[in-house]
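Engineer: Sequences listed follow chains W and S, in order.
Numbering follows this note's numbering, with no gaps: position 65 of the first sequence is 65.
Numbering follows this note's numbering, with no gaps: position 66 of the second sequence is 66.
Honestly, the hints are just simulated from the structure, not real lab data.
The C-beta atom is built at its ideal place from N, Cα and C for all residues, glycine as well.
Please note: incorrect hints may appear among the correct ones.
[What the hints assert, rightly or not] Computed spacing ranges between beta-carbons, pair by pair:
no.	chain 1	residue 1	chain 2	residue 2	range
1	W	Gln17	S	Thr69	46 to 52 Å
2	S	Arg57	W	Pro8	32 to 38 Å
3	W	Ser27	S	Arg57	24 to 30 Å
[Unchecked claim] Reference excerpt, derived from the structure (chain S facing chain W, CB under 10 Å, subset only):
no.	residue
4	Gly41
5	Lys42
6	Arg51
7	Phe89
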Amino acid sequence: KAGVTQTPRYLIKTRGQQVTLSCSPISGHRSVSWYQQTPGQGLQFLFEYFSETQRNKGNFPGRFSGRQFSNSRSEMNVSTLELGDSALYLCASSRGDRNSPLHFGNGTRLTVT
Amino acid sequence: GENVGLHLPTLSVQEGDNSIINCAYSNSASDYFIWYKQESGKGPQFIIDIRSNMDKRQGQRVTVLLNKTVKHLSLQIAATQPGDSAVYFCAENEGQGSGSRLTFGEGTQLTVNP
Numbered sequence: 001k002a003g004v005t006q007t008p009r010y011l012i013k014t015r016g017q018q019v020t021l022s023c024s025p026i027s028g029h030r031s032v033s034w035y036q037q038t039p040g041q042g043l044q045f046l047f048e049y050f051s052e053t054q055r056n057k058g059n060f061p062g063r064f065s066g067r068q069f070s071n072s073r074s075e076m077n078v079s080t081l082e083l084g085d086s087a088l089y090l091c092a093s094s095r096g097d098r099n100s101p102l103h104f105g106n107g108t109r110l111t112v113t
Numbered sequence: 001g002e003n004v005g006l007h008l009p010t011l012s013v014q015e016g017d018n019s020i021i022n023c024a025y026s027n028s029a030s031d032y033f034i035w036y037k038q039e040s041g042k043g044p045q046f047i048i049d050i051r052s053n054m055d056k057r058q059g060q061r062v063t064v065l066l067n068k069t070v071k072h073l074s075l076q077i078a079a080t081q082p083g084d085s086a087v088y089f090c091a092e093n094e095g096q097g098s099g100s101r102l103t104f105g106e107g108t109q110l111t112v113n114p
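Same shape as in the complex, but just chain S (with noise of 0.2 Å):
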């Protein structure tokens, strides 16, 4: 499954299929992106980051692609469980020097169906 549009914030997804979330980024000085899970009651939690010197970096089950000249992201799941249904949100850095300030996407709800 795959949300196509930028703007659509559902994504639902059979258990075992791959999930690909598309995130549009704003700021093309931007350097460093993140993407994060959020499950109900919890905060943000930590996926897979990536800098903007790659396109491509890949975790335990999820895969970040980094397109610069269309400032896009996209997050890949393979094997999609019943436990990934979370919102998931991109991130970017706009911090100044070495600081940190993320612009956040507005998220994406993820249901893996059994």
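Extracted from the complex, chain W is given alone in its bound form (with noise of 0.2 Å):
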């Protein structure tokens, strides 16, 4: 069975520009959510979606935004980029029940010149 896939890999952006990342979640998984790890502040939760509604909100501004598809597949989009927005952006999916396991791709890199 495939893992969780992320694309691009790496990004490398200017200050104020916009990003959108893509994942698609292990085949059968209904739920996405994604995940900013930085070395400064950890992993901190952004978002979570099941069958295309936005489940569970972390405490991002609202620059931050993503949405889920009828496959599942995700998106996350940051707005008018800071620098402090460098970080590795994680994507997991699971079941969808709260007590089944997050599975997480490798991130995208982004870095905000």
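Put the complex together from the two separate chains, hints included.
Structural biologist: In structure tokens form, the structure reads like this:
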């Protein structure tokens, strides 16, 4: 079974631009979550989607948004990029019940210059 | 080897020894916990999970212990191998209803010396 796939692996953007990251979950998984990982803040929850609906949301500004498609694939968008948005963005998928483990992809490394 | 301080970020052990990685969680209402291993350049890899109605769960070479009274988790790795060298994170699910919202610990860097 293929794992969680994230594209692209690396991105370099300029402050003020916007970016879209993509995630394909494990086949059969209906929940997709996004996390930001930085050396200073560790792993922080962004949001969770289930059946195309946002089910949980973290404490990030409105510049961070996401969506999920009918095939469970998900995209995350960051608008008006700031230097502090430089991070590893991780996508995780699960069956969707609260006691099923999240399985992570290898992330997209975003650098904002 | 064991990291006895909850804020101790590193643990160094000899190959073949048993390792114990400790973690404190914050929310007494959390009912599901997961341990992850993260190697350089990769995403977190699922190791083992435990529900709050259990206090111990065993996998292959790994055991997770849960103490709800003091809100403490530990991961025990038996016969630690060089391939176990990585950062280990505990996570608790603080999601609403049926959802998932994992809160991660700061992580512990495990180094296995041959």
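Engineer: Each hint should be assessed against the structure and marked as holding or not.
Structural biologist: Hints versus structure:
no. : hint                             : in the structure
1   : Gln17/W with Thr69/S: 46 to 52 Å : 50 Å, holds
2   : Arg57/S with Pro8/W: 32 to 38 Å  : 37 Å, holds
3   : Ser27/W with Arg57/S: 24 to 30 Å : 26 Å, holds
4   : Gly41                            : 7 Å, holds
5   : Lys42                            : 5 Å, holds
6   : Arg51                            : 6 Å, holds
7   : Phe89                            : 7 Å, holds
Going through the hint list in order, the structure satisfies each hint without exception.
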